[in-house]
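Mind assembling these two chains? They're in different frames, but the hints should get you there.
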Amino acid sequence: MPLLEVGSLTVDYPTSRGTIRAVEDISFSLRKGETLGLAGESGSGKSTLGLSIIRLVPYPGVIVKGHIKIDETDILKLPEDEMRFIRGRKAAYIFQDPMTSLNPVKKIGAHFVELIRTHEPSTGKEEAFERSKTVVENLGILSERINDYPHQFSGGMRQRIMIGLAIALNPGLVIADEPTTALDVIVQAKILDLLESLRKIYGMALILISHDLSIILERCDRIIVMYAGRIFEYATSTEIHKTSKHPYTQGLLQSIPNIELSDQRLAAIPGSPPNMLDPPKGCRFWPRCSYAMKICRVKEPDLIDVGRNHFVRCFLYGEEGVRVERNRKS
Amino acid sequence: MVRKVFVLSEIVKVEKLKKYFPVQKSFLEQLFTRELSYVKAVDEVTFSIRSGEIFTLAGESGCGKTTAGRVIVRLLEPTSGKIHFNGADITQLKGEKIRLLRRRMQMIFQDPYASLNPRMKVGDAVGHPLEIHGLAKGEEKRKAVLDVLDKVGLTPPEQFINLHPHQLSGGQRQRVALARSVILKPGFIVADEPVSMIDVSLRTTIIDLMLSFRKELGLTYLFITHDLAVAKYISNRIAIMYLGKIVEMCQKESLFLNPMHPYTQALLSAIPVPNPKRERKRIELTGEIPSAIDIPTGCRFHPRCSYRTDKCSEKEPQLIEVEKDHFVACHLMK
Chain A
1 MPLLEVGSLT
11 VDYPTSRGTI
21 RAVEDISFSL
31 RKGETLGLAG
41 ESGSGKSTLG
51 LSIIRLVPYP
61 GVIVKGHIKI
71 DETDILKLPE
81 DEMRFIRGRK
91 AAYIFQDPMT
101 SLNPVKKIGA
111 HFVELIRTHE
121 PSTGKEEAFE
131 RSKTVVENLG
141 ILSERINDYP
151 HQFSGGMRQR
161 IMIGLAIALN
171 PGLVIADEPT
181 TALDVIVQAK
191 ILDLLESLRK
201 IYGMALILIS
211 HDLSIILERC
221 DRIIVMYAGR
231 IFEYATSTEI
241 HKTSKHPYTQ
251 GLLQSIPNIE
261 LSDQRLAAIP
271 GSPPNMLDPP
281 KGCRFWPRCS
291 YAMKICRVKE
301 PDLIDVGRNH
311 FVRCFLYGEE
321 GVRVERNRKS
Chain B
1 MVRKVFVLSE
11 IVKVEKLKKY
21 FPVQKSFLEQ
31 LFTRELSYVK
41 AVDEVTFSIR
51 SGEIFTLAGE
61 SGCGKTTAGR
71 VIVRLLEPTS
81 GKIHFNGADI
91 TQLKGEKIRL
101 LRRRMQMIFQ
111 DPYASLNPRM
121 KVGDAVGHPL
131 EIHGLAKGEE
141 KRKAVLDVLD
151 KVGLTPPEQF
161 INLHPHQLSG
171 GQRQRVALAR
181 SVILKPGFIV
191 ADEPVSMIDV
201 SLRTTIIDLM
211 LSFRKELGLT
221 YLFITHDLAV
231 AKYISNRIAI
241 MYLGKIVEMC
251 QKESLFLNPM
261 HPYTQALLSA
271 IPVPNPKRER
281 KRIELTGEIP
291 SAIDIPTGCR
301 FHPRCSYRTD
311 KCSEKEPQLI
321 EVEKDHFVAC
331 HLMK
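As you go down the protein sequences, you meet chains A and B in turn. Residue numbering for the first sequence follows my numbering, beginning at 1 and increasing consecutively. Residue numbering for the second sequence follows my numbering, beginning at 1 and increasing consecutively.
Only chain B is shown next, with the shape it has when bound in the complex (with noise of 0.2 Å):
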């Protein structure tokens, strides 16, 4: 269960933020046209994270919420748009400050056979950041790693430090990029899917150390997941993506009891329930995503909503504050 924090200040701000990717052309289509053509794969996304929560961006895959993600941490660069850390602009930041920057600031990725060197042992590479950022080396630095590797359950540490990534399963391989995101004690971490490629029965373990190193270090995180269960669990507050933009956005509960973006509510309904039992109504789309290069106008989502009218086509809805802190993107809402 996710405990009630309370909120003091705004970790992360994020206004209007693109990212755009230009498609590459083949010979004679650049010889014949100017234009470029881009995957707009975020597009004008603005929220904020609040210090000590867990915030989820949600979406099917090619939404865009990986790309926001690594955008924030800045490995990649922003279109256009402003990102805040504490208070200070970090859209700028370049070289050395950003190397600065990611001392209070990590990244956990998806996959633990890519994340990891498979020739550093796990001692190295847990304590490669300390070395980094010349805060620990020899005898310290290795008291630290063994330390970390107790916490994230990887028993006895003197055993692990000298194993490599081969070596371990793939929970025990996220145990350890979990270790070294946290090794630094930064403030923010962004964990993209960190638990899609765990097995069922291991998840939990990672998900309830995420959990317990938010409360002993004050954590906050940007959780990314297709999975809305995963994200139930966890999350405080949760936006869900549709092609680049957020289309709603509130605390976790109102999202599950009140839905209010007809794409919200297709995707709710879609997630399998472990019932046999029960007899559930499924809302169906039409079509599939369309391609992020070629968004159709107006509201992204109309050609597959069921409830669109001529405004839909036309003109792109905001994000607006239907009911307290819970937002929609949808010209339904008043």
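Next up, chain A with everything else stripped away, as it sits in the complex (with noise of 0.2 Å):
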């Protein structure tokens, strides 16, 4: 039974000049303790997709179509004061920014005390302030300085304590949103190892959004690799290092320098992400693909199976595109 099953997930943002469909036929799931990686550029819906999860998609988005199961409970159908008591106690959002997500006016022990005692009225004031005690410094934050405000935080401290917020409740999802894009690299290194050792701690499951796919081919089990708000690739991680099949996934790998590699040649995609109000007819990515054939113009490929757990979206595999393209040779 998985934690998390997404299914054709589909997400409008209605505006003044068009509908923007931000995620489009999404479906996936996650298992207990599992990692998953969401990867794409900027405006390929990654975002709005791990807000669906908790259901803070931001105004005027709207979940038109799908359902979201946390632990077989569709939370698509819960009203909103029964959504309240999924966020934080069974699912946890770790927000982008840490300058901007904590309340400068309180204490940090005050965030924590408030989260758990709004989600478990009968704690006692004392006792939840000792619990976060525990909690500060699982992070790797002297737990007197519990009583120092954000701003005494650097951002590194900051996105830890964001972290502890997120896993205080023990919840069984974590969804962290480019946890590290602010920060420096060796922050990121320890703010990545901390949620790894904590994700072994507490056993939850996490699903690691970045534009980053460096660190996602280094943290996560499998990765959806998203573009214009679609799935264009769905594997492990292995299969996605050894043999991606998508050419923007391939071309997304080949435009990540490596320090690892001595005379590396870094190749581009061509043009730029479409525009969303009005995405190309076909396969989203046809313009910008050197491997594009006709169909690919007028048709959308479906996500297949290729074997191995690894799924794509592109017509240079399965049978339909090689078929077309046969006739159209013959």
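Warning: the hint list may mix true and false statements.
Said to hold, decoys possible - With a straight-line cut-off of 20 Å between C-alpha atoms, the simulated EDC-like cross-links for lysine to aspartate or glutamate are:
| no. | chain 1 | residue 1 | chain 2 | residue 2 |
| --- | --- | --- | --- | --- |
| 1 | B | K252 | A | D263 |
| 2 | B | K277 | A | D221 |
| 3 | A | K69 | A | D81 |
| 4 | B | K277 | A | D193 |
Derived by calculation from the structure, the hints in this document are not laboratory data. Being a predicted model, the structure only gives us computed values, none of them experimental.
Written out as structure tokens, the structure is:
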């Protein structure tokens, strides 16, 4: 039984200039303790997807289709007051910007106490405070600093606190949205190590959202590569690293510099991501794809299984695309 | 791949460059103390950039790399030290002479959303330097602008010339910024994190453009970045900064094969590598970067260094040549 099951999820942003379909027909599932990386460029819909899972899609976004089951409960059917208890207790979100996500006029301890007592009203103040101390210590922060205000902490420390708030109620699922983008490499490595060790201690599943494919390859079991609201490729990290199938994924991999390679040639993906108000017909990637065929311009490929739990949305694989090409040639 | 370039001479030479920013004090503090405190953003930095190379200043935020770049193009006044450009001392230049200097020395900024005037059309923004320097106007200017826009890949240029920045994507904006910086055919460009705000798939195009301009115009770059993977791809030589000082400086190959300073070693070990199979040994650093107002005594890095000795907290190590063209500031080196 999967911990999280997302089925044909579709999210729209109606705007005055038209509707943007930020997330389209996305399905995947996650087991207990697993790590999943969501990779994609800005505008690919990865944050919208992450936020949908805790039903916090920002206005004017609406989930128009699909289901999201956490522990068998379809959270899209829950009333808002029940949803509040899912957030934090079953699924928690770590936001990108630690500088603006904490309340500047509240001490760190108060953030934790409020969180614990909101979800568990029977807990006394003292007890909640003691529990907060333990969590803070697990983050590698001295427990007496619980009486400090957010501005007294550096960016890296604040991100630790954000992580602490996310795991304080021991949720089964944590979604970390670019948790280290604003941080330097040394701090980034420390934060990711911390997430990994906490994940092991608390046995939670992690969805790591990042534009940086290196981090995701290094830290996640499985990877979803998104483009223009669609899943383009979905496989284990090892598969993606060894035999990525989609031209877009291959392009991304060729565009990240690797310090361990001595004479690396980087290649860029030509063009730029599509305008989501008017995405290309057919496959959304064809204007930038060097393998684009005639069919790619008229029909959108399905996400197909190429074996070993490897899924790809591209006509280069599977029967239909190849058949169409053959017919055209003959 | 970066081609080896014959090094003829030094185009920029920086000697003992310092840039201190005074710290604003509250009214009460001003009453009770005379002493001023300073953020020592750049503290006695010495290096030179060879003609035709790409020299990178790398380090974490707050290490002073951006300040150093800005002082060199004279956007900030140095506190002390000397800056030579093409053999001439430019440290004291003022007014009109700085304006003339900018014809040969340009800068690309990190944020293409902030570095372009939103009310100026692309054509006007790119052609503005020609006008400021009285080099071309009218049809001649238009031709030069179309030509450079074509080179940075904004095609068809006739169409882009009439667009406003808000109609462009981040990558396209950075191309405009690049076009604006090369239209005067300068010899030297300071590029401050030019790709850090651009999507990964588009970064390579900007970097490749920078490299092709280097070949075509014989440009020299000072590249400023926090991303060592990008630095490795683009540079000839790299200097690692920590709290306002250069701690290690060498050819990029030796930096990645044989990093000598403990800080460089830790920094390299923290860079993510796109390989799920790779087991990596991470060098852990204790604590965080201290404030640049209250710099540790002796070696600035000693409170976080696992190799520290008594000497490290007492005496500041000098940047010395340990191997040919490999400079390190650490007491561990003989």
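Hint check:
Simply put, K252(B) and D263(A) have alpha-carbon atoms about 12 Å apart, close enough for the 20 Å limit, and the pair holds. Restraint check for K277(B) and D221(A): the C-alpha separation of about 11 Å stays at or below 20 Å, so the hint holds. Using a Cα cut-off of 20 Å, the hinted pair K69(A) and D81(A) holds, with the two alpha carbons roughly 17 Å apart. Using a Cα cut-off of 20 Å, the hinted pair K277(B) and D193(A) holds, with the two alpha carbons roughly 16 Å apart.
The structure agrees with every numbered hint stated previously.
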